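Two chains, each in its own frame: build the complex with the hints.
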Amino acid sequence: MIAFAAMIDNEKDESKFYRINEVYKRTIFSVAYDITKNYHDAEDVMTDTLVKIISILDDIDEDSIETKRCKNLIITIAKNTAIDLYRKKKREMEALEKLDTYNATAGVEELIIHVEQIQEVIDAINKLDDKYRDVLYLRALHDLPAKKVGALLNISEVSVNMRFMRAKQMLAKRLKEREK
Amino acid sequence: MNKKQEQERTEILLKWALEESLETDPDMLKYQSGNDIEDYYAFSEEYERRLKRLYKMAERKERRPVRMKKFRNMAAGIVVFLGVSMVTVSQVEAFRVPIVRFFSSIQKESTFFGARKENGQKVTENFKEYEPSYVPEGYTILEVNEKSNCLRIKYGMPQDSKEYLFVFYRNIESVSIDTEESDYETIEIAGKQAHYVREGERIRVLLDHDGHRYYVSGNISLEEVKRIFESLF
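Residue numbers (my numbering), protein chains in the order written: chain A, 1 to 180; chain B, 181 to 413.
One chain only, chain B, in its complex shape (with noise of 0.2 Å):
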């Protein structure tokens, strides 16, 4: 037998001899049926309220570990719950992708309406009309500037250095497109003839609506820009 099997059995044996010595311990022979006090003591008053407040004490500390086992099962059902609904809803497509687009679009209106906040550029009600509500992905704007007859709003995509201008203009001969070593052609956007010039990468469209000009120019694709002015009309 080894020693550590040796000081088991030890344990083991001592704890029996010592269960065993109750029998002729001195305190449990002396105190054996507790016929030593008096019968007819009777405890005071102070006793028995201070005994009423042990009571109070030793249920609260006997109904804690139920408490806690039941907040721990509510918890377990809570979360077993919400996981079955959360991997219900994930594999179902009809529940899973209006609730992916609407909390998409969530993410880019409180993005977008941040990103103002942040900017705090507005534009008024002047020209809220005329503002387009189409806004490319990452971009934010950076700065309105509005005159008497015209509306300048420039947007930018700060972590990619990109930025776009969209311009209004309330009346039609008040601007014009500089189409010189450039590629410049018409196309149609909603319905209307717009005029469309590319340099490099930077694309210029011009489009004329209701007796009103409209102008879009920057580093943005022409889908993008064909979006901005369908979102006007």
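For reference, chain A alone in the conformation it holds in the complex (with noise of 0.2 Å):
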């Protein structure tokens, strides 16, 4: 009987849903009208945009909705849903496999940072190529699996795996060029 009792419904306010629309929907917007040049099709990414929220609201938590890391987070995802259908718009015909493909038989130098390296591991990030940069922050800051990330950013599994490694590999490389 108590069980039974326990289960009262704890109804918020606002749900975690609301607070992000209500926190992000300018930026997201923003990010939009910047790539795409048109309130339509922007309005188009803001609804594709916000469906790939709700895809993983169970990985945003609560707590960390304004935060920096959250609005990365959001930013990434409606950069490249505007691009694309940006993309499409325009009919282009990127072979993002093939830029994906990388000489397997060239040296691969692992990643290993010291503390020291901080920052130079900061500059390292920044200088990345976006598609590096937006997988490598959704894969290892924002913990999200492979599969997810390649449906936020429209593009496979495979080719996710591969970014995350090449982006390590940059980092590597990088940091190394930096030691001599």
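The reader is advised that the hints may include incorrect statements.
Here are the simulated EDC-like pairs of lysine to aspartate or glutamate, each with C-alpha atoms no more than 16 Å apart in a straight line [unchecked claim]:
id, chain 1, residue 1, chain 2, residue 2
1, B, 241, A, 62
2, A, 68, B, 191
3, A, 127, B, 200
4, B, 184, A, 110
5, A, 168, B, 191
6, A, 37, A, 84
Because the hints were derived from the structure by calculation, they are not lab data.
This structure is a prediction, so every number in the text was calculated from the model and none was measured.
Below, the structure is given as structure tokens:
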């Protein structure tokens, strides 16, 4: 009986998604309009972005909605969604798989970071191409699995893993160059 | 420090570096305040409609874990309640015995009737009152044979190949019992005199009551035969 009595619904006034939309709708629209240059397309991008956010709602901590980390996540999703739509509209064919391949026979740099190298790592991260930096943020900072990252960026899981590996290799290479 | 520890440290430091890099991330700086859009922009009605649908979608997703938790709690509560009840009932003899008896009797009745139904053998209204209500455990009716003044019911226990025959005669003069080369004695069953003959494992019992004759023969114990006759009167 106590078990039954304990199941009382604890309704919150604002849902997590409502809060995210209220905090970031202008940011999402800014990103979308900046890339699509069209209000109607920007609204489409907003809708698609919000759908993607709903798909990873469980991975977003309620207490971290108004942090920079969450903002970065929202911007990354919005930006990539806008780029996808823009490319579809312009009918550009980008061989994403071709760009993602890398020379497997080349030497593989393993990423090892020491505490004293933090600032160098930060600089190296900011110099990465968007597509590698976005994957790095989503996988390493937001701890999203490759499948979800692929769905957010509209690329295959294989591409996500390859970009992630490539991003870490590029960081490792830059750190090694700095050492010299 | 071994390789695994080194990798773990690298992961932690990478995460830290990524967090710190947000301060100088180009996109974060570009879309800092979200004031790039004109203040007077009003979203279209179509967008507002889509947004309402998205709110519902999000609400369903957010409530799902709560609902699942509720159902799990309810299921757990019911299981615990039933478990405690079962343990309590089985421990207390005052509860256990009547319940066990009740289910045993249901099982017996259903098995008995099920077997009857399976065999398709039934005593008609003509002889219903003369059919024994007691059937030894494991036995089922194999065959029913009715004539104007006689009822024959064959019972069997298929798994053990045991059988016995029950016969009712309307008239006492109709039948006699052969006692040659067998053990014979008179016994009392249900306050009446009965003739009991034993030939190895087979027995035959004959009893008269109320102008009718009752007869049982087969691979069956005398005790069971007594119960069969007792169920008739």
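Cross-check of the supplied hints:
no.	hint	in the structure
1	B/241 <-> A/62	14 Å, holds
2	A/68 <-> B/191	20 Å, violated
3	A/127 <-> B/200	14 Å, holds
4	B/184 <-> A/110	13 Å, holds
5	A/168 <-> B/191	11 Å, holds
6	A/37 <-> A/84	14 Å, holds
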